[in-house]
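Student: The primary structure of each chain is shown beneath.
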Amino acid sequence: MKHILVIAEIFAGMIRPVTWELIAAARRIKTLETSGLIKIITLSDDPLPLADKIAEQTGMDVIGLKIPGCKSYDSDVYKKSLSWLIKNIELSHILAAHTSQGRDYAPGLAIRLKAASIPGVNKIKSDDKGLIYSRSVLSNNQNMILRPVSGIPVVLTIMPGIFKFDAPGNRKKGQVDIFDTPFDFESDSQGRICHKQIIKKTCENQALKKADIIVSAGRGIGEKENLEKAFQFAKCFSSSAVGASRPLVDTGWIGYEHQVGITGAVVAPKLYIACGISGSSQHLAGMKDAQFVISINSNPHAPIFRHSDLCIVEDVLEFIEAFLECRADREC
Amino acid sequence: MNICSFFLDISLEHRYGVSMKILVCIKQINESGDINLFDAHALEEAIRLKQGFDDQEKRDFFSVDVVTVGPLETSEIIKRAFGMGADTGYHIVTNDHGYVFSFETASKLAVVAKMETYDLILTGIMSQDLMAGETGPMLAEIIGFPCVTSVVKTDLASSSYSIEVEQEMENGFLNCLSIKLPAVLTIQAGINTPRYPTLSRMLAAGKKEIITLNQEDLFPGEDEPVRARETLISMEYPDKTRSGYVLEGSLRDKAGELLSILQEKDLA
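Residue numbers (this note's numbering), protein chains in the order written: chain X, -4 to 327; chain C, 955 to 1222.
Hints are computed from structural coordinates only; laboratory data are not their basis.
Just so it is clear, the structure is predicted and the values come from calculations on it, not from any experiment.
Please note: incorrect hints may appear among the correct ones.
Heads up, simulated DSSO-like pairs for lysine-lysine below, C-alpha to C-alpha not over 27 Å straight-line [as the list claims (entries may be wrong)]: (1) C/Lys1219 <-> X/Lys75; (2) X/Lys219 <-> C/Lys1194; (3) X/Lys118 <-> X/Lys25; (4) X/Lys109 <-> C/Lys1107; (5) X/Lys265 <-> C/Lys1194; (6) X/Lys191 <-> X/Lys205; (7) C/Lys1194 <-> X/Lys118; (8) C/Lys1004 <-> X/Lys25; (9) X/Lys(-3) <-> X/Lys124; (10) X/Lys204 <-> X/Lys159; (11) X/Lys75 <-> X/Lys61; (12) X/Lys204 <-> X/Lys191; (13) X/Lys191 <-> C/Lys1194; (14) X/Lys283 <-> C/Lys1194; (15) X/Lys204 <-> C/Lys1219; (16) C/Lys1107 <-> X/Lys196; (17) C/Lys1194 <-> X/Lys109; (18) X/Lys230 <-> C/Lys1004; (19) X/Lys191 <-> C/Lys1219; (20) C/Lys1107 <-> X/Lys66; (21) X/Lys159 <-> X/Lys48; (22) C/Lys1004 <-> X/Lys75; (23) X/Lys66 <-> C/Lys1068; (24) C/Lys1219 <-> X/Lys205; (25) X/Lys120 <-> X/Lys109; (26) C/Lys1219 <-> X/Lys283; (27) C/Lys1162 <-> C/Lys1134; (28) C/Lys1194 <-> X/Lys159; (29) C/Lys1134 <-> X/Lys196.
Same shape as in the complex, but just chain X (with noise of 0.2 Å):
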């Protein structure tokens, strides 16, 4: 019997949510497919906090790894430690998040394995030949469903906030084995990689949190100078914000605080106005919780459209300027 193993993310000592949505994403492959057992694994040099944890909130069996001088994430400790307790284990699948730390240890490991390596995946689904899945492309605009080859596990980086989980109601907390392991991290001259320090960027942009509507500007705005224009059609907004897509941010438009996306702050106001973005799963995954979201970009095909309550298809910087008249219009 081949079993699914779902590799806990930990960060900063505590389970990243992301960590149920594997859960969940494994119960779908396992409902589509598999026979076998569900396995949650978590790394540390103090397993058992953490895997009872995750044995109380799902309910499900869970293995902690003890190995000593791990005590942040390390891709060639995790990559070590995974390949050496998948030798004992026989997997179908193995599924981190497709995250900072999953995709900086998740394609390596499949190497390790001589593993299919399927990565952001969004859909599982099957067919007549098994399990399929479904990965972004060329910007959001595409999805290509793939089909690793069989009888070789399949490593599966998950997307965020696809795959939901359901906590069973009446639930009686699941097993927590301990295992050790023959590494030893702490005393290993021989690691290759330091852990200095975990910084955070300056100031987290309250006013994103704070504020009930924001507009965000993207490429489509075209000029630094036009970012005004962004400014200005916020002021039509009570208790507003102006935010901002990566590309701006990277290019030293705007400053790192107006940030929007993944990588920037995830917000959910009562109005989302995408100007000019085109939508890339980064900057969709910061802004999907909106209560109701308009997009404004010259392009009819702009992946944002498909995620967007209200669409205008209309030159960005055009259409304030109109939208601006038309408000003083009425005010008149």
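Use these hints to put chain C onto chain X, whose structure you have.
Tutor: Chain C in isolation, oriented as in the chain X frame:
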């Protein structure tokens, strides 16, 4: 001891041996014909590491090679890389015009990566078109180098054979790491602004030779040295997650309708 060492800062030689060799893996994006944006950031970072020294002897201590995998026309981006300041270009020539799996690309790159003793290998965090982000970490695993993905800052250590980096995490966190060389890093956008190729370098690039390699050169005598572990079934459009009501009419009609909708919702 090599003869050049006389001119060099002793600590450079002490740290890196006779030279510091950087390899940058670049990919051509089909749609634009350009270098993948993230790879351009990687190449820029390599050139900056080399040019971070004032005197020419120290710069000459560094070499920046580029390698790409793709059909014949892909060599265009190597010329562009020469224009940006790359020293040597390798082109692994294939007939693949469609989807190529990361494992296949990484396996081919690994052969070139092992041909020389590279100290540092850089590539983009992902390609703009296929967005897998696997080539760098897979290459690292195949050749046995440590790997750090999503790097937004690099600094060569001043006293040891290692590199200091900042790795971008979610929610504005940065993981500060020191990596023993040789290593593979994948570079995230925002780390730098890639320079445009200069005309003089582009002209000089015409004279530079691109070293081409085919499958037989890479894997002599092997029929199917690398077999993909996934197959592409089909392409689909993504699902809609919201209703997507499209405003119709003239620019002014749309502006007016939006204003009315917002006023109705008591938002404007």
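Student: Hint by hint, where does the structure go against what was stated? Just the numbers, ascending.
Tutor: 1, 2, 4, 6, 8, 12, 13, 17, 18, 19, 22, 23 and 27
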